[in-house]
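I would like the entire structure built from these sequences, with the hints used as guidance.
Protein chains: 2
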Amino acid sequence: MSSFTHPFNPLTPSEISKAAALVCPLFAGQSPSFRVITLREPPKHEMIPFLASEHRGEPAAARPARVARVQVTVPGDSGPGKFFELLVDLDQRAVVRREHLAGKHPYIDSSYMKAVEKACLGDQRIQAEINKLELPPSASVIVEPWAYATDGLNDMSQRTTMCWFYMRLVSNEDANYYAYPLDLCAEVSEQLQVTKIYHLPSTKDERIHEDAKPFDRRKIQSMDASEYHPNLRPPRRTTVKPYQVVQPEGPSFKTRGNFLQWEKWSMHIGFNYREGLTLHDVCYDGRSLFYRLSLAEMFVPYGDPRAPFPRKAAFDLGNDGAGINANNLRLGCDCLGLIRYFDGWHTTSSGEPLKMPNVVCCHEQDDGILWKHTNFRTNNAVVTRSRILVLQTIITVSNYEYIFNFQFGQDASIHYEVRATGILSTALINIGDRVPWGTVVAPGVVAPYHQHLFNLRIDPAVDGHSNSLQVEESNPMPVNDPMVHNPFGVGYTTSSQIIGKEGGLDLDFTKNRSFKIINENVINPITGTPVGFKLLPSYSQMLLSHPQSYHARRSEFGEHAVWITRYQDDELFPAGRHTMQSTGGDGIASAIKARQHDASKASVRNEDIVIWHTFGSTHNPRIEDWPVMPSEKMTVGLKPANFFTGNPGLDVPVSTQEKNKSVLVENDAQSGSVCCRL
Amino acid sequence: MSSFTHPFNPLTPSEISKAAALVCPLFAGQSPSFRVITLREPPKHEMIPFLASEHRGEPAAARPARVARVQVTVPGDSGPGKFFELLVDLDQRAVVRREHLAGKHPYIDSSYMKAVEKACLGDQRIQAEINKLELPPSASVIVEPWAYATDGLNDMSQRTTMCWFYMRLVSNEDANYYAYPLDLCAEVSEQLQVTKIYHLPSTKDERIHEDAKPFDRRKIQSMDASEYHPNLRPPRRTTVKPYQVVQPEGPSFKTRGNFLQWEKWSMHIGFNYREGLTLHDVCYDGRSLFYRLSLAEMFVPYGDPRAPFPRKAAFDLGNDGAGINANNLRLGCDCLGLIRYFDGWHTTSSGEPLKMPNVVCCHEQDDGILWKHTNFRTNNAVVTRSRILVLQTIITVSNYEYIFNFQFGQDASIHYEVRATGILSTALINIGDRVPWGTVVAPGVVAPYHQHLFNLRIDPAVDGHSNSLQVEESNPMPVNDPMVHNPFGVGYTTSSQIIGKEGGLDLDFTKNRSFKIINENVINPITGTPVGFKLLPSYSQMLLSHPQSYHARRSEFGEHAVWITRYQDDELFPAGRHTMQSTGGDGIASAIKARQHDASKASVRNEDIVIWHTFGSTHNPRIEDWPVMPSEKMTVGLKPANFFTGNPGLDVPVSTQEKNKSVLVENDAQSGSVCCRL
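Just so you know, the protein sequences line up as chains G and B, in that order.
Letter 251 of the first sequence, counting from 1, is numbered 251 in UniProt numbering, and no numbers are missing.
Letter 458 of the second sequence, counting from 1, is numbered 458 in UniProt numbering, and no numbers are missing.
Check each hint, because a few of them may be wrong.
A pair holds if it fits inside one copy or across any two, identical chains being indistinguishable in the list.
Listed next, the in silico PhoX-like pairs over lysine-lysine satisfying Cα-Cα at most 25 Å (straight line) [stated by the list, open to error]:
#1 Lys241 <-> Lys659
#2 Lys132 <-> Lys213
#3 Lys204 <-> Lys132
#4 Lys18 <-> Lys82
#5 Lys661 <-> Lys241
#6 Lys264 <-> Lys241
#7 Lys204 <-> Lys511
#8 Lys639 <-> Lys241
#9 Lys118 <-> Lys82
#10 Lys254 <-> Lys241
#11 Lys82 <-> Lys196
#12 Lys132 <-> Lys196
FYI, nobody ran anything at the bench for these hints, they're computed from the structure.
Since the structure is predicted, the reported quantities are computational estimates derived from the model, not experimental observations.
Written out as structure tokens, the structure is:
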């Protein structure tokens with residue numbers, strides 16, 4: 001195997017060790033804990049010539065340096081610890097930047113959550129409050145620690161973790177404790193001390209209070225209603241017959257390390273602790289399309305206005321890490337067919353490489369018909385089937401799961417599909433009560449309304465790095481205008497503008513408002529218009545929280561559905577680099593505002609631009625989402641718009657029975673006859 | 001086989017013959033031509049008790065009469081013919097209604113189109129004009145007849161067919177003649193006489209004119225650019241490896257005639273000449289959901305304002321028939337896996353049953369993950385895969401294809417997916433010119449802008465026939481309102497109204513406006529709210545044509561995205577029963593207006609209601625749509641909203657390697673190892 005590591009490749013295990021070894025001396029004797037050792041992607045101005053050589057099949061004149069971004073915490077002697085970020089040039093074997101991130105916090109991980117839970121349950125005052133709840137004898141208490149979403153009530157420079165209490169009624173580790181939210185809440189400090197304990201509102205007009213109420217035994221549910229794990233449920237239905245995918249000649253994709261090729265597509269697969277799967281240098285038939293594609297952030301704010309519930313508002317990438325929380329897809333049979341897995345690499349707290357196996361799966365899928373035409377005069381039909389390539393990751397963030405798929409098509413389209421599944425977050429309520437910001441899902445259990453907001457970062461390089469964003473609408477031509485020929489009132493045309501400055505834009509399907517990323521320097525020889533790729537947005541409500549709320553000020557990206565910025569190295573996160581207990585002013589809107597008068601940074605016409613699409617769902621739970629939610633799908637697309645000179649899938653082979661081997665089913669009997677004539 | 005024919009079953013071949021035999025005597029000696037012999041579905045008030053008995057497994061007290069709807073034309077002696085519609089009670093063997101549809105026209109079919117083309121090309125004046133075009137020696141001229149979309153210029157009580165001229169440059173019947181639109185246009189009368197001939201505008205400001213221009217030889221294209229048929233193109237790519245679906249234990253669905261059962265779903269499959277596939281008595285786990293689901297109409301108006309192009313506006317169901325134009329899916333390998341086909345039955349012009357084989361295909365498909373949760377404390381993952389049932393039809397309407405799929409899920413959801421594919425309709429343009437209402441797709445060829453508007457008719461019976469439409473929005477709670485506790489500015493609630501009267505409604509994703517079909521008489525025992533099903537609309541621009549245009553007045557349904565009406569027997573078509581050359585005033589808006597003051601018909605709260613969803617796409621062609629378009633997908637959904645008491649797919653078996661038999665791919669080599677542990 002070559003010793004050459006592509007500049008987009010995630011850090012290898014030996015690079016992780018090397019980075020840790022170079023950083024350790026700077027914290028000698030301070031017991032540093034490594035939170036992150038990850039690739040610091042090369043500056044784009046270094047990558048552009050490198051990629052150009054690579055595309056031409058020539059060795060690069062210069063290879064960008066391999067640099068690691070390292071985050072370290074060191075415990076304080078008596079007070080809070082310190083949080084540092086360092087850049088380590090692995091080629092030069094030198095730490096080239098070191099920054100003390102005062103007031104910032106690293107992500108929260110499951111080992112810290114376990115330590116918080118242990119500290120919480122080990123606190124005598126907590127135990128006393130639990131006793132006052134008079135729980136059933138079989139109950140065991142669970143603490144679910146959450147990041148504290150800034151609400152203005154506490155000093156956020158100190159890390160505080162919220163502890164939400166639940167219980168299991170049966171002694172099975174997979175019992176669904178979310179069915180039993182308890183009337184108890186606590187805050188735990190950085191030093192793992194319980195700093196506050198209180199009881200939660202059980203009715204609409206109640207507030208936080210000091211008085212424990214015994215657990216209402218009427219809230220005990222049948223396991224049939226509360227459990228999802230097969231071991232705790234009645235037997236499964238037996239009606240589902242197996243369905244298998246076979247590819248007797250193997251898959252159509254080829255991989256060489258992290259380089260993937262499939263049906264004229266090529267790209268580099270990346271993976272990091274925070275964004276999970278990232279795609280680099282996405283090309284089609286040798287033409288450049290996207291420099292980078294990634295989920296940049298997500299935000300899940302809850303709509304219950306009563307303290308302390310406004311502290312539930314999760315930045316699952318920035319706070320927790322979509323890479324760190326990625327599922328091992330091999331264990332769960334999450335993919336079907338002929339599957340290639342990719343591993344990820346993280347770090348232990350002592351700086352050793354930690355393998356995250358099978359965090360990305362890659363496989364083909366049939367997606368129905370790609371194109372068809374039947375000449376009605378001859379009855380000759382030509383059909384091609386749409387084969388797609390799927391790159392999938394799944395994250396678990398406490399109660400919820402999110403499935404993220406990139407899908408590539410033979411029509412040169414890309415789709416990004418998000419599915420939300422897992423378990424609703426719950427709170428308690430008195431039996432018989434209702435609240436206007438939640439759905440009762442079991443006696444005494446309410447699932448509060450909340451939003452899921454995702455932001456897809458699209459760094460285009462459509463036939464090159466000088467791109468523009470064209471916004472087009474379809475408008476009826478006027479009637480009764482002597483200057484306009486529209487005698488039958490049916491004419492319509494399009495109007496468009498090219499965006500000149502960074503900013504946020506909104507969707508409007510009533511005008512067929514379309515967003516096209518174009519290259520004004522490359523004109524399609526047939527249509528006479530610039531080549532481009534069009535966004536197929538997912539229409540959804542933007543952030544409901546008030547603009548002056550911390551939710552809004554910390555997220556920023558939830559204000560508009562489409563943002564456009566001028567490319568800046570390392571500008572990857574639309575709610576800012578450090579979201580944990582952030583206080584606002586670090587997101588995409590603030591960045592835009594800060595440079596609005598600097599044309600060298602603010603202008604986005606015929607420049608290196610980045611498009612950020614915010615989409616998601618306002619999730620007002622229904623009972624069908626309980627006890628585990630059937631996946632809710634949200635899809636974004638990107639498709640060529642006058643980029644090619646015709647249908648790029650025209651040479652896809654026609655669909656034939658010889659290849660498909662479909663089977664005829666006759667009236668319940670499987671007859672085995674051939675399905676079709678071609 | 002039982003002699004019992006279910007009331008929802010399409011007419012059998014013998015019933016078709018019987019209907020013809022009963023009608024013929026009424027037109028003795030008049031050479032009647034049968035256009036339609038189809039089931040007239042029983043009145044709902046007769047079906048309700050019948051279905052109730054059926055659901056209880058008891059024989060029905062009374063079976064609704066089998067009635068045929070018959071449309072007949074008789075030629076006129078010297079002038080235009082006459083068009084009749086009759087209802088024939090097949091049980092009583094009697095014609096029970098007969099109506100002369102003065103001023104109305106039946107659909108246009110391919111045999112009539114062939115007759116029109118023959119008449120056109122056989123006309124000496126047409127041949128003289130063709131000669132003036134000085135076409136290349138190898139050219140053969142094609143006439144593509146289209147229905148005349150009313151523009152106010154002609155008497156629509158007489159049938160007129162528009163003739164658009166194209167040519168083939170190579171002598172192959174599957175050559176793409178749409179690549180060569182010709183400068184010639186004609187009108188043909190009912191009696192197959194060419195009544196008008198003119199030449200078309202070639203520039204933006206030109207108008208219809210008399211002067212032929214010789215064909216511009218620079219418009220000759222390479223076959224590589226203009227052809228789609230594999231025999232006329234370079235060899236296909238060879239990179240796509242076969243992908244097959246196997247179900248070693250057979251499919252999970254069962255059919256008994258037209259009755260289909262799958263994964264707690266049950267329904268009756270219908271099919272008719274006009275709507276194609278219809279679904280009846282759709283139930284889940286024995287509970288009633290939808291009385292009827294169907295595509296009710298579609299409208300494809302073109303946006304070129306210059307005469308005669310406003311005559312291009314196709315009602316593909318009303319004018320042509322989605323059943324009549326349904327593809328035989330077996331010939332084209334349009335479906336994959338284990339497939340059951342359903343046939344349809346039409347009539348010949350002499351009243352003999354005409355089999356339409358394999359017009360509906362039924363098969364399962366894997367749709368990724370249904371639900372998943374991993375307990376992060378134990379690392380135990382539970383995954384279920386989503387198996388869906390697909391019922392597919394495809395229609396060819398001259399140049400275009402439309403693929404219509406109903407998809408049923410194990411989460412008790414239904415999705416309706418439309419894909420547009422086939423060939424763009426083209427017109428001519430001077431080389432180098434542009435028009436603001438079209439895209440140049442080849443030298444001298446413009447593909448005009450147009451819209452595709454579909455209307456899905458949803459006749460709900462959610463736990464019974466008294467339903468309501470609840471429209472709900474998600475609203476931020478106010479800040480700085482002393483009456484409202486929202487101290488952190490993050491609270492949000494929902495507000496809703498129940499629609500009281502028939503009318504048209506609009507979508508608004510910015511408010512998360514949701515449309516739920518509910519039964520106010522059935523309260524969910526857990527949530528305390530009425531059971532319901534929620535619409536997942538497809539967001540698209542409504543009709544662009546001016547409200548006073550004929551396009552708008554004839555379609556009506558394109559004005560709003562969601563319509564609600566009170567159920568009326570036989571009220572099935574939102575642009576009216578007879579769309580061919582219609583003049584307006586027959587659609588859903590007119591029906592609503594006519595009875596707006598009659599509460600016994602206009603009230604829609606807790607009544608038998610019908611919901612109609614208009615959706616589609618404003619299609620401004622891109623070159624990638626040429627010469628045949630990669631399918632464009634539009635999806636509508638219906639999902640339970642507090643209808644059940646939990647996730648209806650909770651008992652779906654977990655995904656296991658034993659059942660899935662996935663295969664591990666290691667770095668380009670197919671290793672054959674098992675994919676996952678479970």
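Structure-based check of all given hints:
| no. | hint | in the structure |
| --- | --- | --- |
| 1 | Lys241 <-> Lys659 | both (23 Å within a copy, 9 Å between copies) |
| 2 | Lys132 <-> Lys213 | within (7 Å within a copy, 96 Å between copies) |
| 3 | Lys204 <-> Lys132 | within (23 Å within a copy, 83 Å between copies) |
| 4 | Lys18 <-> Lys82 | within (23 Å within a copy, 90 Å between copies) |
| 5 | Lys661 <-> Lys241 | both (18 Å within a copy, 13 Å between copies) |
| 6 | Lys264 <-> Lys241 | between (35 Å within a copy, 14 Å between copies) |
| 7 | Lys204 <-> Lys511 | between (41 Å within a copy, 24 Å between copies) |
| 8 | Lys639 <-> Lys241 | between (36 Å within a copy, 24 Å between copies) |
| 9 | Lys118 <-> Lys82 | within (23 Å within a copy, 87 Å between copies) |
| 10 | Lys254 <-> Lys241 | between (31 Å within a copy, 12 Å between copies) |
| 11 | Lys82 <-> Lys196 | within (23 Å within a copy, 87 Å between copies) |
| 12 | Lys132 <-> Lys196 | within (17 Å within a copy, 93 Å between copies) |
In terms of the numbered hints stated before, the structure departs from none.
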